[in-house]
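Colleague: The chain contents come next:
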Amino acid sequence: MKPEVLVIGCGNLLAADDAVGLHVARNLKKYQLPPEVKVIEAGTPGLSLLDLWEGINKVIIVDAVRSGAPPGTVFSFDLSDLLAPEMSLSSHGFNIVDAIELGKALGQLPEQLVIVGIEILREEPFQEGLSPEVAAAVPQACSRVLEEISLMLKK
Amino acid sequence: MSERRIYVDYIARTEGDGAIDIIIGPNGELKKACWEVWEPPRFFEAFLVGRKFDEVPEIVQRICGICPHPHNLAAVQAVERALGVKVSEQTVLLRKLLGLGDWIQSHALHVFCLALPDFLGYESVIAMAGNSELLPVVKKALALKRLGNDISCVVGGREVHPVTSVVGGFSAVPTKSQLQEIKERLKANKEFAVEAVKLCNQVATQPPYPDLVRKCEHVSLHDDNEYAVNDGRLVSTEGLDVPNWEYPQWLIERHVPGCNCKHAIVKGRDSFLVGPLARINNNFEQLSADAKAAAKEVGFTVPCFNPFMSIVARAIETVHAIDACIEIIDQLGEPKYEEPKYEVKAGEGYAVTEAPRGICCHGGRIDKDGVVQKWDVVAPTARNVYNLEKDFQEFVPKLLHLSDEELTLKCEIMVRNYDPCQSCATHSLKVRIHREG
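In order, the protein sequence lines correspond to chains V and E.
In terms of this note's numbering, the first sequence opens at residue 1 and continues consecutively.
In terms of this note's numbering, the second sequence opens at residue 156 and continues consecutively.
Just so you know, the hints here were simulated from the structure itself, not pulled from any lab data.
Note that CB positions come from ideal geometry on N, CA and C, so glycine has one too.
It is possible that some hints are incorrect.
Cross-link-like lysine-lysine pairs, in silico, BS3-like; alpha carbons within 25 Å at most [said to hold, decoys possible]:
1) E:K422 / E:K451
2) E:K345 / E:K295
3) E:K295 / V:K104
4) E:K417 / E:K187
5) V:K2 / E:K451
6) E:K187 / V:K104
Here are a few chain E residues that face chain V, going by a calculated C-beta distance under 7 Å [stated by the list, open to error]:
7) I281
8) A284
9) K294
10) G488
Stretch by stretch, here's where chain E covers chain V in the computed footprint (C-beta under 8 Å, at least three residues) [as the list claims (entries may be wrong)]:
11) 31 to 41
12) 113 to 120
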């Protein structure tokens, strides 16, 4: 069974704060989520995003962003205010913005797509663990995702 | 009169970091044409020393996220040669399927997402998908890539880095129904693969590409009985014909200043090319009937020494890979689990597989306890670095009439002919063209 709402946590556990989306996804699993919601840790999915959300109409992506805001700031965007390319951090090949753009061109976007972004401080390779400011934002980001989930389930 | 310089410090749509630096003197003479790979070295060979033999295939496949299977399979076979292990026919077939699945996904990615936008003048595959005539091509290409990835899931146990392919065989085998589902999808994707050969040939035969021919040695595996994937003799268009495990004696590497990647030559000769064009030149007769027919239909003949035709070679190989996978699935029938068997002993072994980008070489020495004493890894891109530089030296003087912008794009296309993966090679990319005058 396809879930009604899919939450996709993105990031690289070995690139410091870039992993924040995965930390949020893991944390969300501690909550008792409705059965029609599924949370996955996708790593750096690139083009596979299109496969992950195939057949699902409501999707929340959680990922690190870099916009110049103070580290730990939590944003949510939808496609209408998407998304300066520099706000994506995936290092390999297709990043998330590319995948969304290609999904748009191919007519393969979910009807509702929200991105919850967490401003990060550093993304050095081969570093595990989050900066304190970013780690402190994980509960807030989880709350934001939960709000978005309840909005989506109401629609 | 001043120099004209073209310098591209990061080239999009390749893996890893490198730069093109070209300096043209006031009289149009080429003063410098370099491909500087500055993706940092990764020291795999060093940290494999002291690891157990069965960890090697699992570690080395992390060299690459696009072609993990050829790395895994070359290392598995090198370890088996060192231990004197013989594997079953079923294992040989499953390994071929794993390798060919990698070709399908990598060729689909390279041809349609990386190379075709170049030739058609789009900034990216995303921009290309904005053209309503090309949109169906992009959709079908992504379905083809998905199929390649799913072959890896079914045979290797997951999409990217396989878990089932181990020393002695497979720790789990696919079911007949999984293989049949793949077979049906292979059949469904074939028509598009055949059509793609025409599209690729159309773009690669536009001027100026047909004039850009440079004869050089093309090296690949060869097997008289089939289009070589994981085994065969190491051959070339200049008459090299040796057992593949002798590669360290015949393919020589040397360090060069300014480049984190060694330069490779054939012993006693010069630079060489590996990859789909080399394979097709050495193995045309072993292609499937439909792949040969697709080549014939567009007038592709061997030997072909035009590197811009690599995109056509990839498309022809994709047709072949689909046919070969179907044949292997029929031969496999209902795979049965066989316990991987080997005895640990001291030994030395080397092996070569054909990665999508060309020969992938692994091997080394293991002590009596199965601990690695020495390990050698040479990925295909490393073989091609020196040859690509020679392409620049040959072709840039023929393209001097172009604007800097156009010349830069042509240089990038030359790089992408090789589908390079610098992360694997460092052992890439920035173009710098500088014209004096």
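Colleague: Each hint: holds or not?
Modeller: How the hints compare with the structure:
1. E:K422 / E:K451: violated (34 Å)
2. E:K345 / E:K295: Status holds; Cα separation ~11 Å.
3. E:K295 / V:K104: holds (16 Å)
4. E:K417 / E:K187: holds (18 Å)
5. V:K2 / E:K451: At roughly 46 Å apart (the allowed maximum being 25 Å), E:K451 and V:K2 break the hint.
6. E:K187 / V:K104: Judged against 25 Å, a Cα distance of about 43 Å means the pair is violated.
7. I281: holds (5 Å)
8. A284: Because about 4 Å separates E:A284 from the closest Cβ in chain V, which is inside the 7 Å limit, the hint holds.
9. K294: holds (6 Å)
10. G488: Nearest chain V Cβ about 29 Å off; hint violated.
11. 31 to 41: violated (count 0)
12. 113 to 120: violated (count 0)
In the structure shown, a violation is registered for the earlier hints numbered 1, 5, 6, 10, 11 and 12, in ascending order.
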